[in-house]
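*Asks:* The primary structure of each chain is shown beneath.
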Amino acid sequence: SAVISQKPSRDICQRGTSLTIQCQVDSQVTMMFWYRQQPGQSLTLIATANQGSEATYESGFVIDKFPISRPNLTFSTLTVSNMSPEDSSIYLCSGYRGVEAFFGQGTRLTVV
Amino acid sequence: RKEVEQDPGPFNVPEGATVAFNCTYSNSASQSFFWYRQDCRKEPKLLMSVYSSGNEDGRFTAQLNRASQYISLLIRDSKLSDSATYLCVVSGGTSYGKLTFGQGTILTVHP
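Sequence order for the protein chains is A and B.
For the first sequence, my numbering assigns the number 687 to the initial residue and increments by one for each residue that follows.
For the second sequence, my numbering assigns the number 220 to the initial residue and increments by one for each residue that follows.
Incorrect hints may have been included.
Claimed, not checked - Dumping the calculated SDA-like pairs for lysine to any residue here, alpha-carbon to alpha-carbon at most 25 Å:
hint, chain 1, residue 1, chain 2, residue 2
1, B, K261, A, G738
2, B, K221, A, V748
3, B, K261, A, S713
4, B, K221, B, N284
5, A, K693, A, M717
6, A, K693, B, K221
7, B, K264, A, T706
8, A, K751, A, G738
9, B, K264, A, N736
10, A, K751, A, S770
11, B, K261, A, S695
12, B, K264, B, T237
As the list claims (entries may be wrong) - One-sided and incomplete, this derived list gives chain B residues near chain A with beta-carbon spacing under 7 Å:
hint, residue
13, S251
14, C259
15, E262
16, P263
17, G316
18, K317
19, L318
20, Q322
21, G323
To be verified - Not close to chain B: a few residues of chain A, all C-beta gaps over 10 Å, as computed:
hint, residue
22, I698
23, R701
24, L705
25, Q737
26, F747
27, I749
28, S755
29, N758
30, L759
31, R794
Hints were generated in silico from the structure; no laboratory data involved.
Keep in mind it's a predicted model, so treat the numbers as computed, not measured.
No residue lacks a Cβ here, since even glycine has one placed at the ideal position from N, Cα and C.
Hey, can you work out the whole structure from these sequences and the hints?
*Replies:* Here you go:
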């Protein structure tokens, strides 16, 4: 399976600021996704990152809050905008090749 | 009703024990099924795919019952290193590639 480098691995941010998370895949992947994992919970899909076009968001997630870029088949970013303490969570990117999904190491975000 | 439901546990078993996890899913159009393992503070990693014919990988056996929309994972001869959260994951239907995760089952194997 491919390897995804995700950064930052963790951050502590002030409320009202924004954080951009990056994921770099070591080879091209057909699909990329962004997930959120809140404390003690499982993963929830935020959006599908589409190469060269706007991301497709799941119910409850909007572009203004979580803008996503995917300029090519190996790279994507997720921005958490105007953060509040409720955004404290782990954010994970995922690449999908064939039937296997693999994940970045996650970004542990704390908003204070 | 959650799309994918698992017993969250925790399951606490001694080394060498056999333990079984169950999972149900609500979307009958789902096409792909997986068990992922997530260690503490780590990302999920694929443990095995699940097929209707059942599949086995060493000490791990996965089963799928499409009629009952039920998935299982059996771990034999548990090791300390099996301690982790096991995630039941479903994909497909009208949303190719998107994964829906169960809440996970926590397993602790003790000496």
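*Asks:* Decide, hint by hint, whether the structure agrees.
*Replies:* For each hint, the structure was consulted:
About 30 Å separates the Cα atoms of B:K261 and A:G738, which puts this hinted pair outside 25 Å; it is violated. Pair hint B:K221 plus A:V748 holds up; C-alpha atoms about 22 Å apart against a cutoff of 25 Å. Between B:K261 and A:S713 the CA atoms are separated by roughly 22 Å; this keeps the pair inside 25 Å, and the hint holds. Taking the CA atoms of B:K221 and B:N284, the gap is near 18 Å; set against the 25 Å cutoff, the hint holds.
Between A:K693 and A:M717 the alpha-carbon distance is near 19 Å, which keeps this suggested pair within the 25 Å criterion. This hinted pair does not check out: A:K693 and B:K221 have alpha carbons roughly 31 Å apart, beyond 25 Å. With a C-alpha separation of about 24 Å, the suggested pair B:K264 and A:T706 falls inside the 25 Å cut-off, and the hint holds. Restraint check for A:K751 and A:G738: satisfied, since their Cα atoms lie roughly 20 Å apart, inside the 25 Å limit.
For the given pair, B:K264 sits about 23 Å from A:N736 by alpha-carbon distance, which is consistent with the 25 Å threshold. Note on A:K751 and A:S770: the hinted pairing holds, with a Cα-Cα distance of about 11 Å set against a maximum of 25 Å. A distance of roughly 11 Å separates the Cα atoms of B:K261 and A:S695; the hinted pair therefore holds under the 25 Å criterion. At roughly 22 Å between alpha-carbon atoms, B:K264 and B:T237 fall within 25 Å of each other, so this suggested pair holds.
For B:S251, the shortest C-beta to C-beta distance to chain A is roughly 6 Å, which falls under 7 Å, so the interface hint holds. With its C-beta approaching chain A no nearer than about 12 Å, B:C259 sits outside the 7 Å limit, and its interface hint is violated. With a least beta-carbon distance of about 4 Å to chain A, the hint placing B:E262 at the interface is held under the 7 Å criterion. Evaluation of the B:P263 hint against chain A yields a held restraint, the C-beta minimum of about 6 Å falling below 7 Å.
For B:G316, the shortest C-beta to C-beta distance to chain A is roughly 4 Å, which falls under 7 Å, so the interface hint holds. Hint on B:K317 holds. Least Cβ distance to chain A is approximately 6 Å, under the 7 Å limit. The interface hint given for B:L318 is met, as the beta carbon of that residue sits about 6 Å from the closest beta carbon of chain A, less than 7 Å. A least Cβ separation of about 5 Å between B:Q322 and chain A falls short of the 7 Å threshold, and the interface hint therefore holds.
Interface restraint check for B:G323: the shortest CB-CB distance to chain A comes to about 5 Å, inside 7 Å, so the restraint holds. Taking the minimum C-beta to C-beta distance to chain B, about 16 Å, the non-interface status of A:I698 holds against the 10 Å cut. No Cβ of chain B comes within 10 Å of the Cβ of A:R701; the nearest lies about 24 Å off, and the non-interface call holds. Chain B leaves A:L705 outside its interface by the beta-carbon criterion, the shortest separation being 18 Å against a cut-off of 10 Å.
For A:Q737, the shortest C-beta to C-beta distance to chain B comes to about 13 Å, beyond the 10 Å cut-off, and the non-interface label holds. With a least CB separation of 13 Å from chain B, A:F747 remains clear of the 10 Å interface cut-off, as annotated. At the 10 Å boundary, the C-beta of A:I749 stays outside the reach of chain B, the nearest C-beta of that chain being 17 Å off. The beta carbon of A:S755 sits about 19 Å from the closest Cβ of chain B, which is more than 10 Å, so the claim that it is off the interface holds.
The Cβ of A:N758 sits about 18 Å from the closest Cβ of chain B, beyond the 10 Å cut-off, so the non-interface label holds. With a cut of 10 Å on Cβ distances, A:L759 stays outside the contact zone with chain B, its closest approach being about 14 Å. A Cβ of chain B approaches the Cβ of A:R794 within 10 Å, the least distance being about 8 Å, so the stated non-interface status is violated.
Of the numbered hints stated above, those contradicted by the structure are hints 1, 6, 14, 31, listed in ascending order.
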